[in-house]
Amino acid sequence: MTDHRASAPADVTLPVDVPPVDEAGPGPGPPPEDGGGEAALRLDRLTKVYPGAPRPAVDALDLAVPRGELVALVGPSGCGKTTTLKMINRLVEPTSGTVWLDGVDVRSLPVHELRRGIGYVIQQAGLFPHRKVRDNIATVPRMLGWPRRRIDDRVHELAELLDLDPDLLDRYPAALSGGQQQRVGVARALAADPPVLLMDEPYSAVDPIVRARLQDELMALQRRVHKTIVLVTHDIDEAIKLADRIAVLNVGGVLEQVGSPEDLLREPANDFVADFLGDDRGIKRLSLLRVGSAALRRGPVVEAGAPVEEARQVMAREGTDWVAVCEGDRLRGWVGADDLDRVSSVAAAEPRPFAAVVRADTTLRSALDVIVTSRSRVAVVVDDPHAGAAGASPDARYLGVLTLDDLAEGVTG
Amino acid sequence: MTAPLTAAEPLVRWDWVRDHTDDITAAFWEHLHLTAVAVAVGFAISLVLALVAVRWRWTYEPLAGICSVLYAIPSLALFGVLVAIPFFGLGFRTAMVALVSYTLLILLRNIVAGFDGVPAAAREAADAMGYERWRRVLQVDLPLAVPAIVAGLRIATVTTVGLVTVTALVGKGGFGDLINDGLSRDFPTPIVVGTVLSVALAVALDVAFVALEWLITPWARAARRARAPAGAEVAP
Amino acid sequence: MSGVLRDMWDYLQSPDAWSGRNGLPALAWAHLRVSVVALLVAAAVAVPAGVVLGHVKRGALVAVSVVNIGRAVPSFAVLALLLPFSLRYGFGLGFWPTIVALVLLAIPPIFTNTYTGVRDVPADAVEAAQGMGMRGGELVRRVELPVALPLVLTGLRVSAVQVVATATLGALVGYRNLGTLIVTGFTSPDKGRMLAGAVAVALMALAIDALFALAARVLVPWRRKPGRWADVTVTGRDGAATAVP
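Heads up: the sequence lines are chains A, B and C, in that order.
At position 226 of the first sequence the residue is numbered 226 (the working numbering), and the sequence of numbers has no breaks.
At position 120 of the second sequence the residue is numbered 533 (the working numbering), and the sequence of numbers has no breaks.
At position 127 of the third sequence the residue is numbered 776 (the working numbering), and the sequence of numbers has no breaks.
No wet-lab data here; the hints were simulated from the structure.
All of these numbers come straight from a predicted model, not from anything done at the bench.
Be careful, since some hints might not be right.
[Unchecked claim] Derived list of chain B stretches under chain C, where covered just means 3 residues or more per stretch with a C-beta under 8 angstroms from a C-beta of chain C:
(1) 488 to 498
(2) 548 to 559
(3) 569 to 575
(4) 611 to 619
In this text, a Cβ means the ideal position worked out from N, Cα and C, and glycines have one as well.
Use the sequences and the hints to build the structure in full.
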């Protein structure tokens, strides 16, 4: 995969200092601390008052968006989040205050130049119906005068990046599904490789299944390209899932709290933020952590060839009435105390499959769901890519156990 | 050669038609010429007016009002006024003024409706991507307004073809001259010929515009064939 | 230019203009009379037809075709064509060819607008009424017609203006009206008469137009949409939209 930054937008006259790409590790989260030093975007006492309105739409908002991070603006309707977004690329002109883009006042640039250096994605995609998909994507590069060859290459690059079937490139937007259109919208926004991407409720108009998929794709994309993204959404769960940092706005554009999803969920600054996060904050936090990050206990485990006595000792020590049976580190199942009464060795008892199985990369929230719906109090943790609702495959590698108590620790600890 | 109207007079005297093919052809060209010039001039004026009306919304009502007043004035009355003015008198100029006036209302309304019909999301996206206003109007709004504009042109053209028959009264009438001729001589043949050919021309031009629209809006064709064939799975 | 205006003024001052068979009042009355009769007859035919077809929601193709044909066939030609027939069958010049032509021309706008108006009554309103037990004739009378009224009035208005205009042309087939002043004026040195006739016709047409606009505002006070001309489009099966007028 070519390095996008290599095709840096020298044509865009923003004094953008584009740092080299560093391939971040797996998993969501902000890039390494040294992401680029100065904030890529800074809102400085940004205010918007509409004539005749009793209150400002946005009131002296101060917000810094670090380079390479995805910052979500959330809040109830009337909180000015969309207005704020539009003041960044001057679709709305601020009444007072400044937007600094890499240390440059956005008002110091001719507005059309500014906008060609900022990507913009909206809810209905806003594709041009009269142009083919490839021409839609090529909009800004064409305006910037890129040579034909470079544009073609870039279009193909973006199609691959956005998981768009190349056959779609020569069709018209009307022939695409909603999800595909949204992807084209993102591709179009990224075409000239702008340092900043603005997204206004991009996934509100698609159905939940498509939405989840597009969100996952955005996260994967962000891991590859590390754009500075400002995302407006009214969906707090979407913000928690996608954002490195969340800014909660109240009506009138008042900033109530800024912080990572974890920070907000753990310590909401006030009742408004707490209400907005929902009354299942603790559970929401579980969705940010993975089983692997919790300290797994070994749990009651016994070798298949062990004598019944040993099994009973393990049960007594662990305080359970069951043991997991393994061969080496391969999990075979579990046997209960009652089963052992009737046999002479563990190997003779038929191990039962675990009802609740999770993997190291399962979120704690899913783990909770698995435990609760299986009506057990424990989930077994295995290393098996196919483990799921159907249980573990016969040769899954045993890693440990996870109990409800462990989960509670994870939330409150 | 005047044929008195008797009970035996047929509707169409084919020998007359054969003898006068030159006149008929000349009438055809004149009719086409008048229609084309009138619609072209009318379109040019309406386009300018429409762009003004779209840019400064408050001007639409007054402009549409003026055009509808012009439209309501019967053609003969308009002729009556124009013929009285030495500059116009009988002839091409008078015909043109009347013909152009009648196209303005329908074209103005349809062009404005066309621009209004451009999807707001596409317009917002264009602005956000750094399109200057003029560029956006030219490359986004105008192409998307085409279907409505062509609909307006179709109506305006068909109406004009009909109206050209009346301009015969001021000396420039294409097929209308034939009709007028037959009328003054109580001779049905040229009336029928003029009428039929005028209608045929109107229909032909209408069809031509439909074809033109089909040609310049490839994306509309695609929209009709839109969704993937039944059975194919469309990825979200 | 000023010469012509003076001529017109002179004409208007003269007693000829105001009395006798060729005076303005007589001509204007003839003009108005034939227009009103034609409009009423056309409405009597077109409105019921439009209501019936609109109610059963059939005949879109007819509606589109009727208006397209009406537009393509020039009114002058209709008049001119009727004259020989009229003469042949003993109906003579003047009144009969004119009235028949006017009725034929008045029908399309009234029919199409009525049809569209009744057909496009919002389905929920109709369903709600049906839910209340209304059927057939009552449904039409109490729900569909009132809702369709703005468009019906628009059709009548468009038609009325067209009729007045074409009645002017009736002068060419011998029906004496204001148009006669204009037509005779083309070839006479005295343009004042012609101008007077032209202005009178123009004023009459505009007055009729305004009258219908006023009627609409009085009869249909709940109409939100301002503006003089309603946007009527009839979509045929081929998807082509034709606006009326």
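Checklist entry - the region 548 to 559 of chain B covered by chain C? Criterion: 3 or more residues, Cβ-Cβ distance below 8 angstroms. => result Per the Cβ count (0), the hint is violated.
Next on the checklist: Using a Cβ cutoff of 8 angstroms, are there at least 3 residues of the region 611 to 619 of chain B near chain C, or does the coverage claim fail?
Outcome noted: n = 5 at 8 angstroms, threshold three: holds.
Checklist entry - Are 3 or more residues of the region 488 to 498 of chain B near chain C, judged by a Cβ distance of less than 8 angstroms? => result Per the Cβ count (10), the hint holds.
Item to check | Stated coverage of the region 569 to 575 of chain B by chain C [criterion: 3+ residues, CB within 8 angstroms] | outcome: holds (count 4)
Hint violations for this structure: number 2 only, all remaining hints satisfied.
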